[in-house]
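Asks: Turn these sequences into a full structure, and let the hints steer you where they fit.
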Amino acid sequence: MFIKNLRRKWSSKPCVASTATPQLYLAFYARLKYPNTYHYALHISSPESASSPAIRTMKYHCKNIITVTDGTVSIPWVYEAVKIDPDSDPRIVVRILLGGVSRIDLVDSLLEAVPVGQGSKEDFNCVSWVRDTLLRLNQVGVISRGDISDWDAVERTGLDYVNEKKQQGRFESGWKGDISRKAPHLLLGGPAVLRTVYSHFGPLDAQLTSLIRFFWPVVTGATPELSLFGVYMGGQLLSCLALVLIEGERKGNAWSPIGFPTFWATSWVFIPFGFVQPIHNLIHVLFSSQGRAKGEVDANAISANAKRIVLLPVSLTLGYIIPSFVICLPSPEVVSHHDRQGFLIAWQFFAIWTAISQFILTRLVSDNTINRLLGIGESPQRRAATALRYTYNFVLMVTVLTHSLILDTVLCHAFIPSYFPATIDQLHPLLVFQPISPFSNEKLEAFERGILSLLQYDTYFAGASSLIWALYLYSCVKPNATFAGLVGKATLFTVLFGPCGAALAVMKERDEAVFVDSTESDTPKKQN
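The opening position of the sequence shown corresponds to residue 0 in numbering that gives the first Met the number 0, with each subsequent residue numbered one higher.
Bear in mind the hints are in silico, worked out from the structure with no lab data behind them.
Treat each hint with caution, since some may be false.
[Stated by the list, open to error] Have a look at the derived ranges for each label pair, beta carbon to beta carbon:
| id | residue 1 | residue 2 | range |
| --- | --- | --- | --- |
| 1 | Leu495 | Asp204 | 39 to 47 Å |
| 2 | Lys32 | Gly116 | 20 to 28 Å |
| 3 | Leu158 | Arg388 | 34 to 42 Å |
| 4 | Arg30 | Asn440 | 47 to 55 Å |
Nothing here was measured: the structure is a model prediction, and the numbers come from that model.
For each residue, glycine too, the CB sits at the ideal point set by N, CA and C.
Replies: Now the structure itself:
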């Protein structure tokens, strides 16, 4: 019901191209005398269910015609709307999908009203008409699933795409292709051609392409509240990743379902981690001896390979933190849109990169180096406790940095509005952190708002389930802890670290309590 309601909210502004609404394209045509310039036109194609491309595509543009009036020859600009077949339209080079047309009934009247031929010869041409037309369509609000507000960016992106295909030999003699089916899509959150090939395996590429459509608006910064929460979620995700990896390294979880952390974290690529994390925590409680312990927890069971644990911060930096910075690099100023989409897909598999980094580091770093770091001659449990402390502190430091940075930013916008007048409404704390009620019937005006709400629910579900799970494990070690005390601890840590960071902080206290009790008794604990 929850997902169904959210999908219903997006029905007015879906993200991906839908066969239910006509699609708006920017079309480039070759100019035989001027091979480095193009004639511009707009295409509107009706749903794919139409009987043929010729019936379902209209071409709108301005062109020159030769007229003779009283013996005087002139070449004025005239507006033309004509049905075409985009696969056989003469001199067509490429089409770029700009978005959907939500009010097709208004298109003809709007386009006919755009001035034609006004101004000097240098001021008006087919390019300026397309620019003015897109501005008119954007002002009226008939364009859905696309961002055409910045004409310069749209034109530059389109020309870059044409030049890229020209370098690849697409327009050379002998090339065969279907223009209507090859049209690229401009992404939300700033004009960029959607990349659709990553692995050359169709089903996988289709899944990865859908991830780009979802995450691209998060990293572009075009929607400030969405990008801010993306940074916040990144810090919380790091804490959840650390929780899963540490639990997978514990001796008591070896060869249990929890003992395969890379599998759990990689599943987040295709299944929201707000859904996967509660399942992980429930399985831990049901099948792990630690989850069933009451009053006594074996320190050896929660111990782990000290070398692997102490190297985990470096592996997380290489596999998750650095890639997270890379996908935030601006495009096309620093990296191309094409490469940035590739980096964004690679980032999705951060669990695998972390596992590979961990595998390489454990073989490159000598045991002597680890011994100097953790203490020569210390017992395995004490070494594991020290390594865990290093890892917990590192992850919590990064998490509290992102948590406090975003929280301070939105609070400053809320309480010191005079310094941020332009973005005060976009960065209100409730907008950044409060998701839309799944039971509301209100339709969203922008798909980005739906993305933000899903990410918010994702983070809160994962954080709440992990925090409850960590508090339960803590109560197993501290059976005398009161409910009020646990709630107070959870509240304090959530304020300091966020929900997922709070779970990690509670788990850190649980581990330290077990190792302290083990050291004081100086005898190994036994599980119940």
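Asks: Next step is simple, just say for each hint if it's right about the structure.
Replies: Here is what the structure says about each hint:
{"no.": "1", "hint": "Leu495 x Asp204: 39 to 47 Å", "in the structure": "42 Å, holds"}
{"no.": "2", "hint": "Lys32 x Gly116: 20 to 28 Å", "in the structure": "21 Å, holds"}
{"no.": "3", "hint": "Leu158 x Arg388: 34 to 42 Å", "in the structure": "55 Å, violated"}
{"no.": "4", "hint": "Arg30 x Asn440: 47 to 55 Å", "in the structure": "51 Å, holds"}
Checked against the numbered hints above, the structure violates only hint 3.
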